[in-house]
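Undergrad: Given the sequences, and given the hints that come with them, work out the whole structure.
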Amino acid sequence: MDIAAELREIVPDGVVTGREGLIPYTRDASHFQGAMPSAVVLPSTTEQVSNLLKYCGQKGLAVVARGGGTSLTGASIARADAVVLSLLRMDRILSVSGEDSCAEVEAGVRIDDLNLRLSKTGHLFPPDPGSSLAATIGGIINTNAGGLRCVRYGTTKDWILGVEAVLMDGTVLRLGNRTLKSRIGYDLTSLIVGSEGTLAVVTKAFVKIVSKPESVARLLAYFNDIESLGRAVAAVRASGIDPLIAEYLDRMTMDAVESTGTFKFHIHSQYVLLLDIDRAEESLDRYVSAATLTLKGCGAVEVVATRDRAEMERLYTARKGAYSSLLRLRKTEHDAVVIGDIVVPPSTLPSVFRRVDELVKEHTIRVALFGHIGDGNIHANIFVDMSDNAERERVEHFHEDLARTALENGGSVSAEHGIGMEKVSLLRMEYSYRHSERALGLMKELKSVFDPKGLLNPGKVFD
Amino acid sequence: MTAAAQRLHEEAARCIKCGFCEAVCPTLPSAGYQASKGARGRVLLADEMLERIGRGESLSGLGDSFYSCLDCYACYEVCPAGVNAGKVSHYAKEIIAESDQGVPDMARLMEKNIMRFGSLLPLGKRAASWSRGLELPATGDTLLYTGQMYQLMSFSSALTGFLRRRGELGKRLIVGSSLKFPWLMKLAVLLNDRQMFDEMNNSLRNIAYLLKLAGIRFCYMGADEPYPGTLMFDLGFEASSRAYATAVTDEFRRRAVRRIITVDPHTHDILANTYPSLVPGFDFEVVHYTELLGSLKFSKTGRQVTYHEPCHLSRRFDSLSAPSDLLGRAADISLPDRHGRRTHCCGGPDELLFPEISSGVTATRTAQLAEAGNSMTVTACPVCLLNLRHGGEVADMSQLLVESAAR
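Protein sequences, first through last, are from chains F and W. Count the first sequence with the numbering used here and you get residues 12 to 474, in order. Count the second sequence with the numbering used here and you get residues 13 to 419, in order.
In case anyone wonders, no lab produced these hints; they're calculated from the structure. Take the hints with a grain of salt, since some may be wrong.
Residues on chain W that point at chain F, a partial pick, calculated with CB under 8 Å [claimed, not checked]: (1) Ile28; (2) Lys29; (3) Cys30; (4) Gly31; (5) Ala35; (6) Gly44; (7) Ala47; (8) Leu56; (9) Glu60; (10) Leu74; (11) Val90; (12) Ala93; (13) Asn96; (14) Ser346; (15) Asp349; (16) Gly352.
Fair warning: this is a prediction, and the values are worked out from it, not measured in the lab. Glycine residues also receive a C-beta, built at the ideal position from the N, C-alpha and C atoms.
TA: Here it is as structure tokens:
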């Protein structure tokens, strides 16, 4: 019996073979072209996942778990021959409990679908990566994804109470539970969060939920220099206003957003800061006035506040779609946009921005900047003509210099997109900079404990 | 590279593979989440198609992905790069039709029927039976054009049910025979859901009544009225569609028509958005009947209904708010979570070629509508009505409007 037939014994109606069926699994949202999988399997239950992994383990077949296929670093495509495990059929929201502040969801549930369901009881699952429309719970757990609300709520790891995960030998682990506290030895749940499908396949999660903010106002503060913008963010936070989101966009990104028709900015400026302030209804206007004064005091040339739901939604959509909007500015179909994902302590942002500006000029490349300024996360979106080797080399050097700048300022080379295939060398750079190469060694040893044959998502995180 | 291949390349090359389209594509979950039956998969397979064309290779095996597209454009609404995966599928189908490699027999049969009978099925006088006694003139400045859509529902529903019961093999045999012997289609119209037929006729009479009440004078082509060719165009038969649309337009011109009143979303969409590109000089004013009823007095009927917005009205026409405005005056309406430009397809367009996918999409939509909490759903499309009825009580908008206007 061939492999496909044996896989069909485990998942009778969920095995895809044949070139036409497999091609869509060779790409995710990154610029990498993945290898053609030998088969794609779509299990519906944890038991099927367990049997599949056990089978693949025995046969020595590599396995790449995939959710919404929205990875920006190539984490959800195969580097070489592998079985792709699509978890989209595991799309049930099993329970929602406001009383326990917890929801129990299968790995294939998309984030926006979860939040739509939670909104009916006034709740929210805070992690909100730009891809939340398509990204799944399993995917964001494995990426430890962030998003706009990180400045207030942190990243995915802060919202996962427990996971059900399947090891390569088929063992099903139930780690953590629906309680907000749980001290049961080493925190294996946290180990799996951010492991990019290299340790186990997540099939279910207990996620923490919160009540939706009562009243929110959205402010747009326009600036003509980035340092004033950086100072303004620090001043707002120092004044005791704890923003729900604090995002910035540069001119090129603003142009890209406007070109999509999603939003028209009020004035022409070099930068815009997007700030959400939430408070009780009766005090919100007071806080908005205070923030407006602070922002103007720091050099904002214009501040516009809105509480109009439709306009707020348009703005949020525009910001979440910023990366995608930038892709419209590609000059040829050979152009790709490589995303830098560094993070630095917010207090260092003014000097980091100065250095980034120098680097862009030094390397003569085209870059658009935006990011989660509230938590120091800068996305440098670098346009690169993939058919131009000299340009690719310049971009690679810029990428490295950018990463070095983050490290020199106490930051990190990767904030929220993960390592995947893209940042393997940058990960090495970070641990080398910290003289902690042993950490990488420990990770590899851990990987071999969980997955002795190295079959889970090979070629990701490490070489 | 052919014109269709060039159009396909221009649309697909802008894709950034983000997967947003896949998250809203109704066919993906209904096809068991096989990515080739989702919007992003279709765009990726378009790249494969173009590569094969470049290498002079066969296109076989690619068709199912594109033919299963519902043409609902949900993907386009969320695409940050402005790619319309629905159009990608359309251009791919044009290429398949042009190359004659892998055109499904059912699609070919529909093309042949439309070119031969001027409709999907040879309805003959049955198509005009709703207008008996109304004494509508056959020529005039303003034409009420039903496009036979309401009339076809009871026949197509009975026929697809008949084919489904015959299984895949039986269906193939019947479709294959009908391709060889077109007269068999005349037998097909003997299959009719009589109750549905009467209901659809009533809807058309309701629409005519409302237009008259609003003081609109119009003509009707009766049994000579042709189907607009929508399905043939959707299936990618570009050359036939061009010739057919030209013939339909000539008939409009022969009757001195200047303004065309449409009654269903598919006909409204193809006349307003597609005919101008198929027929040089197509300069008719195309209006949906609800746009002419604003002056009527509607009173609340006391009904609480959920409004299912048809994709071909809510996504193809930015400023067409008349259907929901009128309905809001006639009843208390609720909208499901997916509404407006994010409405969800009823599954109808896949019924002929991919009945299982169609059923899955319908089930998803009926569940969404049920969540809105009313026992009755109202829609303005006979295709949606037919499909959504599998999940509960569904009424045509014209019924409520007549009830409301009569109060």
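Undergrad: List in ascending order the numbers of the hints, as given earlier, that are violated by the structure.
TA: Violated hints (numbers, rising): 13, 14 and 16; every other hint is consistent with the structure.
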